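So the sequences go chain by chain: A and B. Its first residue numbered 270, the first sequence is counted upward by one per residue in the numbering used here. Its first residue numbered 270, the second sequence is counted upward by one per residue in the numbering used here.
Derived from the structure by calculation, the hints contain no laboratory data. One should not assume that every hint holds.
Since the list can't tell identical chains apart, any single copy or any two copies may satisfy a pair.
Said to hold, decoys possible - Straight-line alpha carbon distances no greater than 25 Å define the calculated SDA-like cross-link-like pairs of lysine to any residue that follow:
id, residue 1, residue 2
1, Lys-401, Leu-530
2, Lys-615, Glu-627
3, Lys-615, Thr-502
4, Lys-505, Glu-724
5, Lys-492, Lys-689
6, Lys-504, Gly-657
7, Lys-401, Lys-490
8, Lys-401, Ser-314
All figures in this text were calculated on a predicted structure; none of them were measured in a lab.
2 protein chains.
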Amino acid sequence: MNEKGKWTIRFHLKPTQILVLGFLFLIILGTILLNLPIATNEHKSIGLIDALFTATSAVCVTGLVVVNTLDFWSPFGKVVILILIQIGGLGFMTFATMFFIMMGRKIRLKERLIIQEALNQYTLSGMVRLTKNVVLGTLLIEGIGAILLAIRFVPQHGLEGVFMAIFHSISAFCNAGFDIVGDSSLTPYVGDVIINITVILLIVLGGLGFTVWIDVLRVMKDKFANKYGWKRTFKKFTLHTKIVMVLTFSFIVIGFVLFFLLESGNPNTLGPLSIKDKVLGSLFQSITPRTAGFNTMPLDQMNHASKFLTILFMFVGGSPAGTAGGVKTVTVGVIILSVLSVIRGKEQTEAYDRSIPENIIKRALAVVTIGIAVVISVTMILSVTEIGTSFMNIFFESVSAFATVGLTLGITGSLTTIGKIIICITMFIGRLGPVTMALAFSMRGKSKTSIKKPEEKVMVG
Amino acid sequence: MNEKGKWTIRFHLKPTQILVLGFLFLIILGTILLNLPIATNEHKSIGLIDALFTATSAVCVTGLVVVNTLDFWSPFGKVVILILIQIGGLGFMTFATMFFIMMGRKIRLKERLIIQEALNQYTLSGMVRLTKNVVLGTLLIEGIGAILLAIRFVPQHGLEGVFMAIFHSISAFCNAGFDIVGDSSLTPYVGDVIINITVILLIVLGGLGFTVWIDVLRVMKDKFANKYGWKRTFKKFTLHTKIVMVLTFSFIVIGFVLFFLLESGNPNTLGPLSIKDKVLGSLFQSITPRTAGFNTMPLDQMNHASKFLTILFMFVGGSPAGTAGGVKTVTVGVIILSVLSVIRGKEQTEAYDRSIPENIIKRALAVVTIGIAVVISVTMILSVTEIGTSFMNIFFESVSAFATVGLTLGITGSLTTIGKIIICITMFIGRLGPVTMALAFSMRGKSKTSIKKPEEKVMVG
Ligand SMILES: [K+]
Ligand SMILES: [K+]
Numbered sequence: 270m271n272e273k274g275k276w277t278i279r280f281h282l283k284p285t286q287i288l289v290l291g292f293l294f295l296i297i298l299g300t301i302l303l304n305l306p307i308a309t310n311e312h313k314s315i316g317l318i319d320a321l322f323t324a325t326s327a328v329c330v331t332g333l334v335v336v337n338t339l340d341f342w343s344p345f346g347k348v349v350i351l352i353l354i355q356i357g358g359l360g361f362m363t364f365a366t367m368f369f370i371m372m373g374r375k376i377r378l379k380e381r382l383i384i385q386e387a388l389n390q391y392t393l394s395g396m397v398r399l400t401k402n403v404v405l406g407t408l409l410i411e412g413i414g415a416i417l418l419a420i421r422f423v424p425q426h427g428l429e430g431v432f433m434a435i436f437h438s439i440s441a442f443c444n445a446g447f448d449i450v451g452d453s454s455l456t457p458y459v460g461d462v463i464i465n466i467t468v469i470l471l472i473v474l475g476g477l478g479f480t481v482w483i484d485v486l487r488v489m490k491d492k493f494a495n496k497y498g499w500k501r502t503f504k505k506f507t508l509h510t511k512i513v514m515v516l517t518f519s520f521i522v523i524g525f526v527l528f529f530l531l532e533s534g535n536p537n538t539l540g541p542l543s544i545k546d547k548v549l550g551s552l553f554q555s556i557t558p559r560t561a562g563f564n565t566m567p568l569d570q571m572n573h574a575s576k577f578l579t580i581l582f583m584f585v586g587g588s589p590a591g592t593a594g595g596v597k598t599v600t601v602g603v604i605i606l607s608v609l610s611v612i613r614g615k616e617q618t619e620a621y622d623r624s625i626p627e628n629i630i631k632r633a634l635a636v637v638t639i640g641i642a643v644v645i646s647v648t649m650i651l652s653v654t655e656i657g658t659s660f661m662n663i664f665f666e667s668v669s670a671f672a673t674v675g676l677t678l679g680i681t682g683s684l685t686t687i688g689k690i691i692i693c694i695t696m697f698i699g700r701l702g703p704v705t706m707a708l709a710f711s712m713r714g715k716s717k718t719s720i721k722k723p724e725e726k727v728m729v730g
Numbered sequence: 270m271n272e273k274g275k276w277t278i279r280f281h282l283k284p285t286q287i288l289v290l291g292f293l294f295l296i297i298l299g300t301i302l303l304n305l306p307i308a309t310n311e312h313k314s315i316g317l318i319d320a321l322f323t324a325t326s327a328v329c330v331t332g333l334v335v336v337n338t339l340d341f342w343s344p345f346g347k348v349v350i351l352i353l354i355q356i357g358g359l360g361f362m363t364f365a366t367m368f369f370i371m372m373g374r375k376i377r378l379k380e381r382l383i384i385q386e387a388l389n390q391y392t393l394s395g396m397v398r399l400t401k402n403v404v405l406g407t408l409l410i411e412g413i414g415a416i417l418l419a420i421r422f423v424p425q426h427g428l429e430g431v432f433m434a435i436f437h438s439i440s441a442f443c444n445a446g447f448d449i450v451g452d453s454s455l456t457p458y459v460g461d462v463i464i465n466i467t468v469i470l471l472i473v474l475g476g477l478g479f480t481v482w483i484d485v486l487r488v489m490k491d492k493f494a495n496k497y498g499w500k501r502t503f504k505k506f507t508l509h510t511k512i513v514m515v516l517t518f519s520f521i522v523i524g525f526v527l528f529f530l531l532e533s534g535n536p537n538t539l540g541p542l543s544i545k546d547k548v549l550g551s552l553f554q555s556i557t558p559r560t561a562g563f564n565t566m567p568l569d570q571m572n573h574a575s576k577f578l579t580i581l582f583m584f585v586g587g588s589p590a591g592t593a594g595g596v597k598t599v600t601v602g603v604i605i606l607s608v609l610s611v612i613r614g615k616e617q618t619e620a621y622d623r624s625i626p627e628n629i630i631k632r633a634l635a636v637v638t639i640g641i642a643v644v645i646s647v648t649m650i651l652s653v654t655e656i657g658t659s660f661m662n663i664f665f666e667s668v669s670a671f672a673t674v675g676l677t678l679g680i681t682g683s684l685t686t687i688g689k690i691i692i693c694i695t696m697f698i699g700r701l702g703p704v705t706m707a708l709a710f711s712m713r714g715k716s717k718t719s720i721k722k723p724e725e726k727v728m729v730g
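Pulled out of the complex, with its shape left as it was, chain A reads as follows (with noise of 0.2 Å):
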């Protein structure tokens, strides 16, 4: 057997045990460290659940907090936190890049090249080389993201000001939501533009995925190099770019004029606020839930709509191959698309000009069913562990979890203690399970060939 034929075997045996493993070794890592007494500001053990939590949270890039961030936390246990997030945020990245990579095998020939022209070849240097680019364009976006915030932190914190820069920018564009303002996240920033552009661009910088970066880049040059128009540049795009491109922006209007029709009247959020700081609030309630977790109004203050629409931008989240969590765009574009074929008769899922294989689309399905399934059964479970609590903010927390938004309407701290392991999980599996899942999917399917077995009709609807 050939060196690319050993790596494709070692690779393909155990792809998803190496991420889980790695997440789960980095969580108790984070969740000793966390313990330590010498990582609270009070110098008291935190206890084993809440470090476990907190561990869990970062390592995930949740964000939901069982204590302050900012009061509770030592500087240690804070960078403690921000090394987690970024750990985790970029690990992450890089392995959903890599198994991008991986599926490219079977791509055709324009991704192909794409992918070459980022890596030279599939090698385990290529891989190398890849995993580099990821971490220095992170760095890279991450150091801007955080001269930004300094404009504002540190005139207002002096000193501790970088830090606050440094720990927001590593927060926003890993997705992580941590914040070391205070006890209501981003709330006191709700008008401020540097905090909000800054910010939001961070979120969605990173929420695009990795794969999409190395395409814009790559049609770029390609656009100076030869002048040609902006549509014909979009012409250039892959088909993976184009749909996070369509859906991204989609999403981010939708979100913001309904959260600005929605919120605009209401006397406790955006309601005492001027215009500008409508404006700025919509944008950012909208672009928070996919899946940063930041906010900058009054969650729990918000009307059951702007929380419903909340909670369904969330099930969304961001693009795949980028630190956000959720379902992912492009999974939720498939399946619209292939909704749309089925109701124009077409027998294939189109999109600019090309089809998508069927067993994408099988594969989305089983990846928004399943994500369903989860989400339903830990609304169910923390149904009857949590009494008390209403059932919008037991069901706003679980698709909080699953997505690792880390948005809460405020139950996170009072959780029961199996309340709080239920969330555990579920951060772990909505952080790790859509990826594993695809990587699973995509890996079998092709070896195995059954005989085809006689079809029959059912009637559905």
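Assemble chain B with the ligands onto chain A, guided by the hints.
Chain B with the ligands in isolation, oriented as in the chain A frame:
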């Protein structure tokens, strides 16, 4: 063009329009009749919106009511409601069955034979005979149901008990959920064995669908002619019948166990009852959301988990070509099978040594996705129009209307006018939507043969 060709064209042109216009006409007629002063006990017109609401609820066999059916409506009004239910339930079932026959044209030999057995031919006279069979079967079952119910109602209410028996038999078989017991559905009969078992059997029989009846009759005839065991008997059923039976049975058992566990200790529902009554109550609560709409325990007193479970069962609903609503058991079954095939790495979606065609999986995906979209939209809109109503109550009401269930947590009567109109539209969409969609979807897609676009992969999950 031959006889057969002509018929195909005439029918293929607009079966969906026939269905929609027929139901619309029936609703308008019902509204006019129920709006008459003679329809109410106080001989004062109920008003247009509430007449429309009641007529829509009856025709769409939903059972959501804005007034107490027993006390408010005169005997005339009650008879109008009963006739609307009977025509709505029967008309829908006949139409759905016809649609199945039309689908049967492209069905493999075995099913063709079953249908031919019932129909002789795909001719207009065959259709007439089919319709006659559906009507006769329905009247037979409803007649037996009425006699059984009369055992309880006549001793209690004398001659009026006869009407009560007929009313509830029709309402149960048609999965309509209207009752003339009082203002709390069948709660007075929570522990009554004869009422419970009769109503449960009527609901389940109505919800199985006419195609399953034909198939069961065919196989049973064969079984007793050739005297073979039950295992072989099961194998003789069509795939459709197998899926309907297994899912119907599974959902009933799962629901029964969960409701028993969740509500046995609830002092406001099953808590104070004897074991026998707890069993009956849990069983009934497992059956009624799919999609009968009677209730024997106070729904608003159930805990969150039970309410949520009820919502899920309501959304699933009954089986195709029956009187029940929802997205249908087989639709959910096809999706579960598809997800399992993805997990197992199989190319085809298999069940009982058969594979399910790709276009049926996509149709199932479309029905569920559109169903979820409708429920989400209605919940969002009602969240805005019904201020001060809890999210759970609104969510429950939306699903109940969409799946034409008729269960409520008590908000129907106090809905705003806009809310009532939205629920009316939802009931109409919910009743006709999945079928007309399935109809429309299966009509198309065969004539169009477009050139296959080049495939391009995207990353999901
Ligand atoms: K997050
Ligand atoms: K009903």
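Here is how each hint holds up against the structure:
When the C-alpha separation of Lys-401 and Leu-530 is checked against a cutoff of 25 Å, the pair qualifies neither within a copy, at 44 Å, nor between copies, at 54 Å. For the identical chains of this complex, Lys-615 and Glu-627 are neighbours both inside a copy (13 Å) and across copies (12 Å), given an alpha-carbon limit of 25 Å. Taking the shortest alpha-carbon separations for Lys-615 and Thr-502, neither the intra-copy value of 28 Å nor the inter-copy value of 38 Å comes in at or below 25 Å. Only between protomers do Lys-505 and Glu-724 lie at most 25 Å apart by alpha-carbon distance; the minimum there is 16 Å, versus 40 Å within a single protomer.
In the homo-oligomer, the alpha carbons of Lys-492 and Lys-689 never lie at most 25 Å apart, since the shortest distance is 50 Å inside one protomer and 55 Å across protomers. Taking the shortest alpha-carbon separations for Lys-504 and Gly-657, neither the intra-copy value of 54 Å nor the inter-copy value of 49 Å comes in at or below 25 Å. When the C-alpha separation of Lys-401 and Lys-490 is checked against a cutoff of 25 Å, the pair qualifies only within one copy, where the shortest distance is 21 Å, while the shortest distance between copies is 71 Å. Proximity of Lys-401 to Ser-314 under the C-alpha cut-off of 25 Å is found in neither arrangement, the shortest distances being 37 Å within a copy and 77 Å between copies.
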